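*Asks:* Each chain is listed here by its residues.
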Amino acid sequence: MTRHTFAVHVEDKPGVLNRVASLFRRRAFNIESLTVGHTETEGVSRMTIVVDTDTNGARRLEANLYKLVNVLRVTDLTAEAVVARELTLVRVAANHETRIQVMQLVDTFRARVVDMTTDSLIIEATGTEEKIDGLMGVLEPYGVLEMVRTGRVAMSRGLQGKVRGPNGDDVTSPETDDNVSHSV
Amino acid sequence: MGQIRTGAQILWESLVREGVSTVFGYPGGAILPAYDALLEYPIHHVLVRHEQGATHMADGFARASGEVGVAIATSGPGATNMVTGIATAMLDSSPIVCITGQVGSKLIGSDAFQETDVTGVTLPITKHNYLVSDVAEVASTVHEAFYVARSGRPGPVLVDITKDAQQSSTEFVWDSSPVQLPGYRPELRVSDAEYAQAVELINGSKRPVVFAGHGVMLSGAVDLVREFAERANIPIAMTLLGIGSFPALHPLNLGMMGMHGEAWVNQAIQEADLLLAFGMRFDDRVTGNIRTYAPNARKIHVDIDPAEFNKNVLVDVTLAGDLANVLRDLLPQVDRGDRSDWLTAIGEMKGDSAVRDVQNLPDTGHLYAAHVINDIWRLTDGKAVVVTDVGQHQMWEAQYYHHQEPRSLITSGGLGTMGFALPAAIGAKLARPDAEVWVVVGDGGFQMTMCELATIAQEKIKLNVAIINNGYLGMVRQWQEFFYERRYAATPLLSPDFAKLADAFGLRSATVSRRQDVEPTIEMARAESGAVVMDFRVEQEDTVYPMVPAGADLDAMIRRPSPSPIVETADD
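Here the protein sequences line up with chains G and F, keeping their order.
Residue numbers 6 to 189, in my numbering, belong to the letters of the first sequence in order.
Residue numbers 50 to 621, in my numbering, belong to the letters of the second sequence in order.
Looking at chain G on its own, in the form it has when it is part of the complex (with noise of 0.2 Å):
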């Protein structure tokens, strides 16, 4: 069993996401996360999903996907070079005692404060997985009030396939992520 993330567009219709979160339901595959928004094209949605199945489990739930009249493209990101991240909001206990000690960490996540109290504060961090389960280990000794976590979404690296920018020019950029390394 590992990790697959797909990277699924869909129709963007009513109870499309009603459609495809049944059919994990129904096939007895369990949604790590599942994460939806707009894409680029007008009337397409873009689901990233993170599924832990073995490689013929993960083949099997891509031809599923497929039967569904409204997934238009499903990609198996898994085995490809991907920008994957999370998007966390977590509200911190911190009095004017420990507020610097946990703004400096903030720092070194290279997150950030987004709102401040004066007994809690609200740090916003973007990175994959790891990286936010680090900042959460080292939070927690000051006291995690409240957390969101987005789930992960994903993303092809480099030249797989040129992409187009608004004017029709080659944006495509083999150039790397700066948020490569989140290890303190």
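Quick caveat, the hints were computed from the structure, so don't treat them as lab data.
There may be inaccurate statements among the hints.
Cβ pair distances, simulated, as ranges [what the hints assert, rightly or not]: (1) G:R31 - F:A185: 29 to 39 Å; (2) F:S159 - G:N100: 42 to 52 Å; (3) G:V143 - F:R238: 23 to 33 Å; (4) F:G600 - G:R8: 24 to 34 Å; (5) G:R8 - F:A161: 57 to 67 Å; (6) F:P231 - G:G156: 23 to 33 Å; (7) F:P91 - G:S27: 49 to 59 Å.
Here chain G is said to cover these stretches of chain F; the calculated rule only asks that three of the stretch's residues, wherever they fall, bring their Cβ under 8 Å from a Cβ of chain G [claimed, not checked]: (8) 154-166; (9) 350-358.
Please read these numbers as outputs of a predicted model, since none were measured by experiment.
C-beta atoms are modelled at their ideal positions from N, C-alpha and C, and glycine is treated no differently.
Given the structure of chain G, go ahead and fit chain F onto it with the hints provided.
*Replies:* What follows is chain F alone, placed relative to chain G:
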């Protein structure tokens, strides 16, 4: 410029343009506007007695004809009553379109009278479904629904239309051009490399077996499968739904495989070096224990639905595509094979069980289901369309009625829906009015949908209904006998006098409990112009042999005891 029409009129206009002449339905509040408009259109509406019946009739219509069957119902309970029939069609890949009325779009979500989220309820049991709340979308949705139902791997499609969409008006524009769905790919192509792998395995095989499933008929590949088998001299085993796809009396036919397949069929599978699965899905009733299944065989799986590959059985080569197209490409590359050693070996496995003939057995007066089915087969010259229900009689029919023609056995395979036979037969008869249609049904399943006798009477439909009445829910009783120490919990079954029941509906009837009365009764029924209900009182604790217990190795069968219940002896 099209003419202004209501959504209700557009619905019927669209159905007419899809070639629909018969629909099966039941009216109600939310579908009333559609029913009001029905009178203006050349469509024969069959009033069912329960909406489950409507879906089975549409299903039977589709299976008998290969065309899309149509069922119609109101919202709420009308629609939920369709669920069993839709699930039946889904598991057996039968193309039906179900039209349901829905409460007005402004009431959706308010728990209005007879409101049910029918697209939600049927989501996992339809190939696709639609909620139409805009009159402008009625025509295009119906067009799309028929296309989705019949293309690729066929299946049920539900169209839920709100009452206001039926009532409001718009210009009727019919776009008959092919449907373009950006995410729907019913046609797939096999690569040359995949063909090459398959051809190498086929030409190199010494002990191959072809599996013919329902897909053979759905794809229209019956002649090609026969050509393939004859060219390469490969014997054919059939799934329950594959019966009819290859002539039963053809020398290369092995018969039905699986749980109640004959021993030599399953033994041949276990000894095969190559399995060619054509339009079948390795259901658990076919494979038995997966771990010990066909241990020496390489496997080639041809199916139009790639989601079936490596689902139950891991295979070596997958060919994703329409079976007829795949076979057309494969045939010229397949060597003419001899394989007489293999066919001889299978012949030896058959032994004398192959010549067992129910008809030649001594008559001790006991009436067995096999006698009834064998006589129906003999007297109809094997040319009837037989619609079976689910249970022991279904397996006996599969064993003793030798189907020569495609679409001549109609039965609920995947879902195993009791109550299927009677309504499905109504649909089959309306699809093929010239065919002789027989219903073979148990006393249990018959009572689930026997209200449709009223439909038969009202529509004056000619059917021959053979109730195999053993006073038990026989297949469940058999499992209790084998696996639950004969503790017959809830399987003894009291039935009404079926002959009197038929009389009440104004139908001809007969009750038969002696073997010598079987033949004259069958002849009487065939000669009768109206429907006849025959109550065959058969041996109560008869058993379907052979049997592979669920999950057991395919060749670990419970064989017919000797003397078997069928092979009667003088002192039986």
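*Asks:* For every hint, state whether the structure bears it out.
*Replies:* Comparing the hints with the structure gives:
Take G:R31 and F:A185: their Cβ atoms lie about 32 Å apart, and the range 29 to 39 Å holds. Restraint check, F:S159 to G:N100: a C-beta distance of roughly 50 Å satisfies the suggested window 42 to 52 Å. A beta carbon spacing of about 54 Å between G:V143 and F:R238 contradicts the range 23 to 33 Å that was offered as a hint. Remark: the range hint 24 to 34 Å for F:G600 to G:R8 is upheld by a beta-carbon distance near 32 Å.
For G:R8 paired with F:A161, a C-beta distance near 44 Å fails the hint of 57 to 67 Å. Judged by the Cβ atoms, the range 23 to 33 Å given for F:P231 and G:G156 holds: they are separated by roughly 26 Å. Between F:P91 and G:S27 the CB atoms are about 39 Å apart, so this pair departs from the stated range of 49 to 59 Å. Closer than 8 Å: that is the beta-carbon criterion, and the region 154-166 of chain F has 0 residues meeting it against chain G, so the requirement of 3 is violated.
With a cut-off of 8 Å between beta carbons, the region 350-358 of chain F has 4 residues touching chain G; three or more are needed, and the interface restraint holds.
Figure legend: structure checked against the earlier numbered hints; hints not met, in rising order: 3, 5, 7, 8.
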